[in-house]
Amino acid sequence: MLLEVDNLNVYYGAIHALQGVSFNVEEGEIVTLIGANGAGKSTTLRTISGLLQPRTGSIKFKGKEISTTPAEQIVRLGISQVPEGRKIFAPLTVRENLMMGAYTRTDKNEIEQSMQLVFSSFPRLKERIDQLGGTLSGGEQQMLATGRGLMSKPSLLLLDEPSMGLSPILVEEIFRIIQEINKQGTTILLVEQNALMALSISHRAYVLETGRIVLSGDAHEVAENPQVKSAYLGV
Amino acid sequence: MEVGFLLGSLLKIALLLGYLYGLLRVMGHPKLWVKALGVLAAFAVIQVALTDFNGFKLLNAFDQGLLFQAATMTMVALGLNLIYGFNGQFSLGQWGFYGIGAYCAADITYRWVNGDARGFLVVGIGIILGGLAIWGIGAFLKRYRGIPVLSSFTFYILGVVAAGFLAVKLGALLNPLFAPLLGTPANPGPLASGLALQVVFFFAVIFAGAFTAEISFLFGLPVLSLGSDYFGIATLGFAIVINTLMVNSDTILPFPEMKGGRGMIGIPKLTTWFWAFFFLLVVIILMRNLIHSSTGRAIMSVREDETASRAMGINVAENKLLTFVVGCFFAGIGGAVYAHYIGFLSPGTFDFLVGFNPLIIVVFGGLGSMTGTIAASFGWVFFLEGLLRVLLSQMGTEAPTWRYVLYPITLLLLILIRPQGLLGNVEWGFLKSVKVASRQKEAGTPPTGDAPQSIQEGA
Ligand SMILES: Nc1ncnc2c1ncn2[C@@H]1O[C@H](COP(=O)(O)OP(=O)(O)O)[C@@H](O)[C@H]1O
Ligand SMILES: [Mg+2]
Numbered sequence: 001m002l003l004e005v006d007n008l009n010v011y012y013g014a015i016h017a018l019q020g021v022s023f024n025v026e027e028g029e030i031v032t033l034i035g036a037n038g039a040g041k042s043t044t045l046r047t048i049s050g051l052l053q054p055r056t057g058s059i060k061f062k063g064k065e066i067s068t069t070p071a072e073q074i075v076r077l078g079i080s081q082v083p084e085g086r087k088i089f090a091p092l093t094v095r096e097n098l099m100m101g102a103y104t105r106t107d108k109n110e111i112e113q114s115m116q117l118v119f120s121s122f123p124r125l126k127e128r129i130d131q132l133g134g135t136l137s138g139g140e141q142q143m144l145a146t147g148r149g150l151m152s153k154p155s156l157l158l159l160d161e162p163s164m165g166l167s168p169i170l171v172e173e174i175f176r177i178i179q180e181i182n183k184q185g186t187t188i189l190l191v192e193q194n195a196l197m198a199l200s201i202s203h204r205a206y207v208l209e210t211g212r213i214v215l216s217g218d219a220h221e222v223a224e225n226p227q228v229k230s231a232y233l234g235v
Numbered sequence: 236m237e238v239g240f241l242l243g244s245l246l247k248i249a250l251l252l253g254y255l256y257g258l259l260r261v262m263g264h265p266k267l268w269v270k271a272l273g274v275l276a277a278f279a280v281i282q283v284a285l286t287d288f289n290g291f292k293l294l295n296a297f298d299q300g301l302l303f304q305a306a307t308m309t310m311v312a313l314g315l316n317l318i319y320g321f322n323g324q325f326s327l328g329q330w331g332f333y334g335i336g337a338y339c340a341a342d343i344t345y346r347w348v349n350g351d352a353r354g355f356l357v358v359g360i361g362i363i364l365g366g367l368a369i370w371g372i373g374a375f376l377k378r379y380r381g382i383p384v385l386s387s388f389t390f391y392i393l394g395v396v397a398a399g400f401l402a403v404k405l406g407a408l409l410n411p412l413f414a415p416l417l418g419t420p421a422n423p424g425p426l427a428s429g430l431a432l433q434v435v436f437f438f439a440v441i442f443a444g445a446f447t448a449e450i451s452f453l454f455g456l457p458v459l460s461l462g463s464d465y466f467g468i469a470t471l472g473f474a475i476v477i478n479t480l481m482v483n484s485d486t487i488l489p490f491p492e493m494k495g496g497r498g499m500i501g502i503p504k505l506t507t508w509f510w511a512f513f514f515l516l517v518v519i520i521l522m523r524n525l526i527h528s529s530t531g532r533a534i535m536s537v538r539e540d541e542t543a544s545r546a547m548g549i550n551v552a553e554n555k556l557l558t559f560v561v562g563c564f565f566a567g568i569g570g571a572v573y574a575h576y577i578g579f580l581s582p583g584t585f586d587f588l589v590g591f592n593p594l595i596i597v598v599f600g601g602l603g604s605m606t607g608t609i610a611a612s613f614g615w616v617f618f619l620e621g622l623l624r625v626l627l628s629q630m631g632t633e634a635p636t637w638r639y640v641l642y643p644i645t646l647l648l649l650i651l652i653r654p655q656g657l658l659g660n661v662e663w664g665f666l667k668s669v670k671v672a673s674r675q676k677e678a679g680t681p682p683t684g685d686a687p688q689s690i691q692e693g694a
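Going down the list, the sequences are from chains Z and L.
Just so we're aligned: the first sequence equals residues 1 to 235 in the working numbering.
Just so we're aligned: the second sequence equals residues 236 to 694 in the working numbering.
Keep in mind that the hints were calculated from the coordinates and are not lab data.
Glycine included, each C-beta is placed from N, C-alpha and C at the ideal position.
Misleading hints may appear alongside valid ones.
Pairs of lysine-lysine residues, derived as DSS-like cross-links and limited to a Cα-Cα distance of at most 27 Å, are as follows [claimed, not checked]: (1) Z:183 with Z:64; (2) Z:108 with Z:183; (3) L:247 with L:667; (4) Z:64 with L:377; (5) L:266 with L:667; (6) Z:108 with Z:126; (7) L:377 with Z:60; (8) Z:126 with Z:153; (9) L:504 with L:494; (10) L:494 with Z:108; (11) L:270 with L:667; (12) Z:108 with L:667; (13) Z:229 with Z:62; (14) Z:153 with L:377; (15) L:247 with L:504; (16) L:504 with L:292; (17) Z:62 with L:504; (18) Z:229 with Z:60; (19) Z:126 with L:504; (20) Z:64 with Z:153; (21) L:266 with L:247.
Computed list of chain Z residues with no C-beta within reach of chain L, every gap over 10 Å [stated by the list, open to error]: (22) 27; (23) 28; (24) 73; (25) 101; (26) 138; (27) 227; (28) 233.
Please build the complete structure, drawing on both the sequences and the hints.
Below, the structure is given as structure tokens:
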């Protein structure tokens with residue numbers, strides 16, 4: 001088991017945002033958390049990546065407890081988060097943004113290899129290598145954020161709503177690339193409101209509702225569930 | 236008003252900016268020997284201009300004063316730009332650290348030429364022991380997680396105070412070994428004259444920088460965690476406290492030679508153009524290489540978004556502290572160079588109101604632009620302190636005070652017209668990022684495998 005989340009409780013002050021969330025991710029999978037706005041999806045990812053501290057519960061990565069490890073250490077263990085809203089560094093160029101993703105690494109040649117790998121997934125970034133991050137279009141910024149997340153050579157990539165605000169064609173492209181990245185050996189934990197697309201590329205899925213997991217299973221099973229169909233797939 | 240003087244001054248400023256442009260250009264040249272030769276030539280140009288040829292000097296004493304003032308101002312302002320412009324931490328304390336550097340270095344050399352090696356010994360031993368203490372305690376605290384910042388601060392301060400105490404004792408112990416070789420001001424001994432004195436001066440500047448850096452570490456550790464606005468207020472408070480200590484240096488501090496509010500006189504004037512130029516280049520090169528390293532990118536991304544930076548694996552608190560310490564180190568170096576040019580230190584020079592000058596310069600030149608800061612430092616000193624002061628003084632003895640009305644108006648106008656600063660994000664020659672250089676090259680050659688090579692070239 002690559003990632004085991006057990007009975008996680010996270011608070012924002014008095015707000016009980018995650019109420020005993022448990023799930024796991026196997027090596028090589030794409031796992032999706034779907035849920036409405038405010039369900040706690042981002043909170044879950046931020047807690048895994050160490051940006052938030054859980055009050056109780058455990059997070060095990062490769063069998064090691066990481067729930068109190070600070071964020072900057074978690075990257076070094078092999079978890080990389082692509083945050084909601086991209087959060088790319090606007091005044092830095094595409095190349096510099098990617099180099100930021102490789103901040104924890106030192107071998108120049110390996111970093112250059114990773115960069116070429118990112119460019120093979122996102123040829124558009126290569127064309128814009130010296131452009132400032134802030135001047136990219138929304139879709140390109142998402143590509144940059146994802147590429148930056150890959151630059152730390154993570155074994156687990158956390159993606160927070162990669163399709164947000166993108167045109168349908170771009171959404172398809174992004175999801176195709178996510179699948180490609182997964183095939184190249186990176187395990188992916190995906191968070192999405194765009195449930196239909198997310199379920200179509202995932203192996204397994206969990207449904208999050210106001211801080212609790214209410215349903216889990218194989219992605220196609222979840223997609224067939226009548227409640228999910230009516231609530232998230234608009235069928 | 237004299238039109239001739241006005242035109243002459245403007246020409247001087249233009250020539251100066253051209254000089255800086257040329258210097259940075261040649262420093263950015265890929266060939267090492269061109270670089271070395273160019274820097275040497277740049278040094279020589281001013282050296283010749285400052286030389287007295289039978290009563291004829293290209294730069295008169297007034298211009299010379301401005302030049303040294305501009306060089307030290309550049310070091311201080313670059314440090315502030317690193318802290319505020321690149322890292323986003325609004326600091327009003329830079330002037331205080333400048334003052335610490337000035338007084339620290341002045342005390343070392345003043346005592347040295349007066350037959351007392353304790354300044355040199357105590358500060359030298361103190362910064363080494365203090366640095367070791369900080370390093371050791373840091374390594375020790377790293378093993379534990381979740382230590383509140385005030386607790387680690389307590390450890391550090393105890394460690395540094397112990398180191399300082401030890402340094403004072405050791406300094407007093409070792410002093411008799413040196414004292415006989417130092418002589419008196421009227422009859423300097425072998426260690427207080429010639430080359431030996433130059434070496435001592437060099438170390439005094441470095442020691443003062445390191446001393447300032449360690450003070451800034453102790454101050455920054457608890458205060459940087461407050462968040463930017465509170466940090467600004469706290470640094471302002473710091474500058475005021477330092478100034479008060481200077482005014483009372485002979486009463487509440489045990490330094491009678493600093494003479495409190497009357498000002499410290501008799502500091503050996505050891506800052507030659509060689510030293511000013513040398514330390515200016517050291518600061519520029521250190522800062523440029525820092526900015527273009529991965530730490531430098533981290534410094535900028537912390538300014539942009541702390542959360543995203545943490546997600547990249549950057550320890551944000553550590554990054555801010557490092558930036559602050561390096562920026563204050565530059566201020567300390569600048570202060571030390573200044574003290575030995577002017578030969579006289581008065582607390583009035585380090586008043587917190589004057590401390591806004593580097594801030595104005597940094598905003599003027601553009602936050603996050605090294606070129607802007609360098610050009611603005613020189614332009615500012617020569618334009619406002621040189622040209623304007625002279626012009627206004629011809630209109631009455633009180634007229635120069637109008638400068639203090641003109642600064643803010645100019646600043647306001649600039650912020651309205653060019654919020655990105657005079658030069659925006661243009662960088663000259665050496666200061667340009669390596670990536671820009673490689674892009675220009677890539678335009679001519681096929682892009683394959685070109686990038687890693689060009690990174691090495693710039694390093
Ligand atoms: N910084 C915050 N402070 C207080 N409450 C927050 C904060 N961030 C999120 N929340 C609350 O926590 C809950 C879960 O939010 P979030 O994880 O962002 O949801 P999702 O990503 O699923 O849309 C929501 O009720 C939200 O209002
Ligand atoms: Mg969210």
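To see whether the hints hold, each was checked on the structure:
no.	hint	result
1	Z:183 with Z:64	holds, 25 Å
2	Z:108 with Z:183	holds, 25 Å
3	L:247 with L:667	holds, 25 Å
4	Z:64 with L:377	holds, 19 Å
5	L:266 with L:667	holds, 16 Å
6	Z:108 with Z:126	holds, 18 Å
7	L:377 with Z:60	holds, 22 Å
8	Z:126 with Z:153	holds, 18 Å
9	L:504 with L:494	holds, 18 Å
10	L:494 with Z:108	violated, 54 Å
11	L:270 with L:667	holds, 15 Å
12	Z:108 with L:667	holds, 21 Å
13	Z:229 with Z:62	violated, 34 Å
14	Z:153 with L:377	holds, 25 Å
15	L:247 with L:504	holds, 26 Å
16	L:504 with L:292	holds, 20 Å
17	Z:62 with L:504	violated, 64 Å
18	Z:229 with Z:60	violated, 32 Å
19	Z:126 with L:504	violated, 55 Å
20	Z:64 with Z:153	holds, 19 Å
21	L:266 with L:247	violated, 30 Å
22	27	holds, 22 Å
23	28	holds, 23 Å
24	73	violated, 8 Å
25	101	violated, 6 Å
26	138	holds, 17 Å
27	227	holds, 34 Å
28	233	holds, 31 Å
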